[in-house]
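**Q** Protein chains in written order, with full-length UniProt numbering: chain A, 1 to 330; chain B, 1 to 265; chain C, 1 to 371.
Think of the hints as simulated: they come from the structure by calculation, not from any bench. Positions of the beta carbon are idealized from the N, C-alpha and C atoms, including for glycine. Warning: the hint list may mix true and false statements.
If you want the footprint, here are the derived chain A segments under chain C, 3+ residues with CB under 8 Å [as the list claims (entries may be wrong)]:
1. 58–70
2. 171–177
3. 190–203
4. 246–256
5. 308–318
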Amino acid sequence: MAPGVDLLVQFFPSFAKIVLAATGLAIIFGIMGVINLAHGEFIMVGAYATTLAYNGALGALPLVPVDPIGVLPGAVQLPAAMLTGVLVTALFGLVVERTVISGAVPNWIAERTIGRPVVKPMYDRLLDSMVATWGISLIMVQLVRNLYGNSLNGIGIPFGQFSYGNGLSISTYKLVLAGVAALVLLLLYVVFVRTDYGMRARATIQNEGMAKSLGVDTERTYMATFALGSGLAGLTGALYAPLQTIVPGMGGGFLVEAFVAVVVGGASVVVGTLLAGGLLGFVYALFANVWGTFAGRIMLLVVAILVIRFVPQGLSSLVERIRDRWAEVS
Amino acid sequence: MSDTADGMDPAVKQTSAELATGVDTDTILKTEGITKRFGGLTAIDDVDFDVEAGELRCLIGPNGAGKSTLLNLITGALSPSEGEVYFRGHDITEMDPHERIRRGLSIKFQVPSVYEDLTVRENVRLPIQRLASGAERDERMADALAAAGLSAKADVAASALSHGEQQQLEIGMAASLDPDLLLLDEPVAGLSVDERAEIAERITQLNEERSIAFVVIEHDTDFVAEIADHVTVLHQGETFREGSIEEIETDPEVQRIYLGGETDA
Amino acid sequence: MATDADSAGVLGRFVDAIHGPNTMGESRRFWAAFGVVALLMVTFPLYMLESAVTNMSQYLALTLLALSLAVVWGFTGVLSFGQVAFFAVAGYTYGIVGINVAGPLGTMAGLFVAVGVAALFAAVLGYFMFYGGVSDVYVTIMTLVVVLVLKTFLDQTAGDKWTIGEAALGGFNGMPGIPDLALGIGEPFLVFDDFTLFYAALLALLVTYLGLRALLNSDYGRVMVAIREDEDRTEMLGYDVKRVKLTVFTFGGALAGLSGVLYVTYFNYISPSELSLTAASLPVIWVAVGGRKTLLGPIVATVAIERLGLFLSVNVGDWAFVINGLLLLVIVLLLPEGLVPGLRDLVSWIGDRRDEGGTDDTTEPSGEVIE
Chain A
1 MAPGVDLLVQ FFPSFAKIVL AATGLAIIFG IMGVINLAHG EFIMVGAYAT TLAYNGALGA
61 LPLVPVDPIG VLPGAVQLPA AMLTGVLVTA LFGLVVERTV ISGAVPNWIA ERTIGRPVVK
121 PMYDRLLDSM VATWGISLIM VQLVRNLYGN SLNGIGIPFG QFSYGNGLSI STYKLVLAGV
181 AALVLLLLYV VFVRTDYGMR ARATIQNEGM AKSLGVDTER TYMATFALGS GLAGLTGALY
241 APLQTIVPGM GGGFLVEAFV AVVVGGASVV VGTLLAGGLL GFVYALFANV WGTFAGRIML
301 LVVAILVIRF VPQGLSSLVE RIRDRWAEVS
Chain B
1 MSDTADGMDP AVKQTSAELA TGVDTDTILK TEGITKRFGG LTAIDDVDFD VEAGELRCLI
61 GPNGAGKSTL LNLITGALSP SEGEVYFRGH DITEMDPHER IRRGLSIKFQ VPSVYEDLTV
121 RENVRLPIQR LASGAERDER MADALAAAGL SAKADVAASA LSHGEQQQLE IGMAASLDPD
181 LLLLDEPVAG LSVDERAEIA ERITQLNEER SIAFVVIEHD TDFVAEIADH VTVLHQGETF
241 REGSIEEIET DPEVQRIYLG GETDA
Chain C
1 MATDADSAGV LGRFVDAIHG PNTMGESRRF WAAFGVVALL MVTFPLYMLE SAVTNMSQYL
61 ALTLLALSLA VVWGFTGVLS FGQVAFFAVA GYTYGIVGIN VAGPLGTMAG LFVAVGVAAL
121 FAAVLGYFMF YGGVSDVYVT IMTLVVVLVL KTFLDQTAGD KWTIGEAALG GFNGMPGIPD
181 LALGIGEPFL VFDDFTLFYA ALLALLVTYL GLRALLNSDY GRVMVAIRED EDRTEMLGYD
241 VKRVKLTVFT FGGALAGLSG VLYVTYFNYI SPSELSLTAA SLPVIWVAVG GRKTLLGPIV
301 ATVAIERLGL FLSVNVGDWA FVINGLLLLV IVLLLPEGLV PGLRDLVSWI GDRRDEGGTD
361 DTTEPSGEVI E
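Could you put the whole structure together from the sequences, leaning on the hints where they help?
**A** Structure below.
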């Protein structure tokens with residue numbers, strides 16, 4: 001009985017990490033055809049912004065008379081700091097989108113100086129977007145290191161410990177994150193299905209040309225999408241800030257999982273990320289439980305390779321196929 | 001029912017395999033019950049499509065009828081959900097596209113697919129370099145350029161050609177493989193009347209002088225009337241009618257499917 | 001000028017073979033400049049400090065890694081993050097053989113086995129991907145994941161359990177004590193360290209460069225480029241695209257492996273850090289910045305970026321990565337074809353401006369031909 005419980009308890013944090021790491025990347029990749037190799041660094045920005053805000057940095061900004069986080073009641077301080085983290089990252093994402101991804105700002109400048117645009121947008125330029133965002137990631141890591149040193153003072157883990165099995169325990173917070181991950185997916189689903197933005201985004205994924213001719217402002221949709229994806233990355237960083245050492249290179253620990261999950265998940269952001277989180281999270285937990293974290297990581301990657309090879313459209317395409325099979329039969 | 005060797009056109013190649021499968025040796029292409037499903041959508045439904053050696057067949061039908069899909073099934077770009085494809089009597093259903101091409105099939109895509117960043121000469125070289133070398137290669141390249149009317153533009157980037165010239169180039173590339181069957185997907189879309197006449201002449205010439213069989217997808221009925229021996233009408237993934245252009249043109253059911261009404265067929 | 005008709009024939013054929021639309025530089029001016037640079041490189045040890053020479057031999061070894069990616073990505077359209085995997089596998093294999101088999105024979109055997117193993121690994125991975133229908137960006141991702149699997153595996157190989165003969169894999173800390181490549185039987189008569197290594201790397205680069213020029217301008221090279229431009233069209237012209245990609249990928253693995261052996265000879269040490277995300281992306285950076293559809297671009301960019309990196313880390317310390325990143329960004333945004341083609345375009349634009357009077361109706365193809 002105990003091993004099973006142990007596995008289950010290990011599964012939740014594993015699932016949470018993968019899902020939370022992947023959603024931001026999945027949205028940007030799925031809707032815009034852009035691969036953001038700086039995704040890990042966006043998560044890092046979220047973590048840094050959260051930690052700095054929690055430790056009073058907002059109050060140190062010019063024109064800000066008093067630290068807004070500090071005046072809040074204790075229990076709300078961390079969520080407020082996290083919200084700050086999300087907003088900062090979303091804003092940062094917007095800046096990146098305007099300058100690098102769509103090239104709008106450089107082109108605006110170029111139009112007025114040499115009379116023609118100089119930058120082609122990165123949409124659907126998978127390989128070029130990889131190279132460009134890799135450059136951004138290098139810059140970000142080093143800039144943060146130069147500005148804030150090698151590490152920041154962290155935030156304590158809320159909620160205490162959860163005991164289970166034979167005297168084992170785990171931070172309750174880690175289990176809570178699994179719930180948060182599921183909630184995020186649910187919210188995304190609602191956004192995609194119920195909101196105006198969601199419809200535009202889905203139309204653009206399906207057929208950009210068609211969407212444009214139907215009057216969808218694809219540029220605005222892309223901008224919103226990148227901001228959303230960045231915000232989600234920021235959320236991940238914010239949520240994991242209490243659990244990790246805040247160092248400039250911390251993004252690397254998320255990027256691989258995110259990447260792999262997006263590919264394993266496939267085209268559908270919500271269903272794909274859910275299934276990928278489930279499968280990969282389970283594989284990791286299973287092997288890490290018995291043979292340690294290295295084995296868990298290796299097997300996670302090996303399973304990813306197998307999925308890429310044998311289900312190239314990702315797990316969400318399997319769901320599609322099953323649904324189609326039902327449709328055929330009925 | 002199989003044909004015997006007597007009374008056959010000696011120019012048509014014949015193998016024991018062909019006799020064994022009972023396939024009419026005049027038939028260069030044959031699909032049997034070919035079906036293609038994309039999830040819940042059946043794009044091609046149980047189609048038996050035969051083409052004779054040297055025949056010039058046009059494939060017409062309303063948009064979405066599945067014409068391009070059928071060509072893709074023939075070339076192997078798509079795998080069928082059910083059914084087989086036979087080429088010159090051999091079952092090619094499991095073969096990779098390049099194997100089919102090497103057996104005498106060739107295709108010009110619907111969307112112009114010349115190599116935009118390569119020169120015209122480099123474009124023309126690609127199909128030919130596999131089949132000939134040295135002086136023969138140079139000669140064949142020169143012929144291909146001339147036949148496409150592009151000798152003067154040989155060192156220009158293919159992206160700089162007009163749409164009509166690109167079509168000519170691509171047809172030329174497909175033809176220079178010396179195929180037995182050439183599939184053309186909308187060769188005259190977007191071309192002027194004069195350009196269409198040029199292409200029609202080219203196709204007829206290739207058909208008559210080199211005995212290349214053709215399957216041409218087109219919408220322009222005048223164009224079809226000018227070149228076609230026979231016409232197949234495809235509708236909602238099924239073969240709807242077959243016959244001469246006169247028969248098809250005057251068939252009220254065919255007119256109805258183009259206008260979008262329901263038919264009894 | 002050759003008076004012997006035969007050698008004129010052979011030389012003539014060679015000259016023809018290395019010229020064509022897929023590589024830059026056909027004119028006398030180009031080859032003259034090439035000759036000057038070659039001469040400067042050959043005499044490099046005469047006028048540079050020993051430390052500069054040994055650094056340069058390291059960079060030269062790395063250019064082979066860059067070229068392996070250029071061939072696979074720039075000329076066949078397969079973006080692989082996995083070249084470092086073949087590089088590292090060869091490095092480790094050479095180390096294992098070299099440590100276990102004493103003397104120069106051991107190192108020579110190590111060289112061949114290492115390159116062979118790298119090529120085999122590439123062939124297996126390539127088969128798995130290309131014949132399994134994995135396409136485009138998924139190939140890229142898969143190669144990246146393979147690198148990470150390898151790194152994760154090697155990271156945990158610390159301890160006595162992970163020893164092959166006398167060679168301990170060493171986990172995070174890597175495998176030290178790898179012998180220099182040497183020629184000889186029993187007693188080495190030529191050891192590749194310092195100057196000898198420099199010349200060996202330079203020779204390897206020269207031979208590889210000329211060989212690749214010949215390959216890329218051959219019929220086969222044209223098929224590679226056609227696959228890069230439009231895979232489906234090329235399949236429909238009767239070419240076995242899967243087989244070409246597999247062959248090119250395997251060759252790229254072997255070349256990356258050779259680079260690995262030369263590199264390991266320089267450091268006498270290898271560790272899993274050669275498989276980090278940063279390391280895996282370096283070849284991509286070199287090739288993207290230099291110009292992925294050229295051979296000279298990656299060569300120049302590798303040396304320049306590595307040398308710049310050294311300069312920056314010595315003088316500017318922490319800002320080196322920022323500058324590297326900015327460089328990458330600027331190049332990809334403004335000069336997506338890379339530095340060298342950008343420069344070449346600039347040169348011909350200046351040339352056009354000078355010949356302002358003459359009109360020329362034919363459009364210059366945007367391919368690789370200069371003149």
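**Q** In ascending order, which of the hints set out earlier in this document are inconsistent with the structure?
**A** As far as the earlier hints go, 1, 2 and 3 are violated by this structure, in ascending order.
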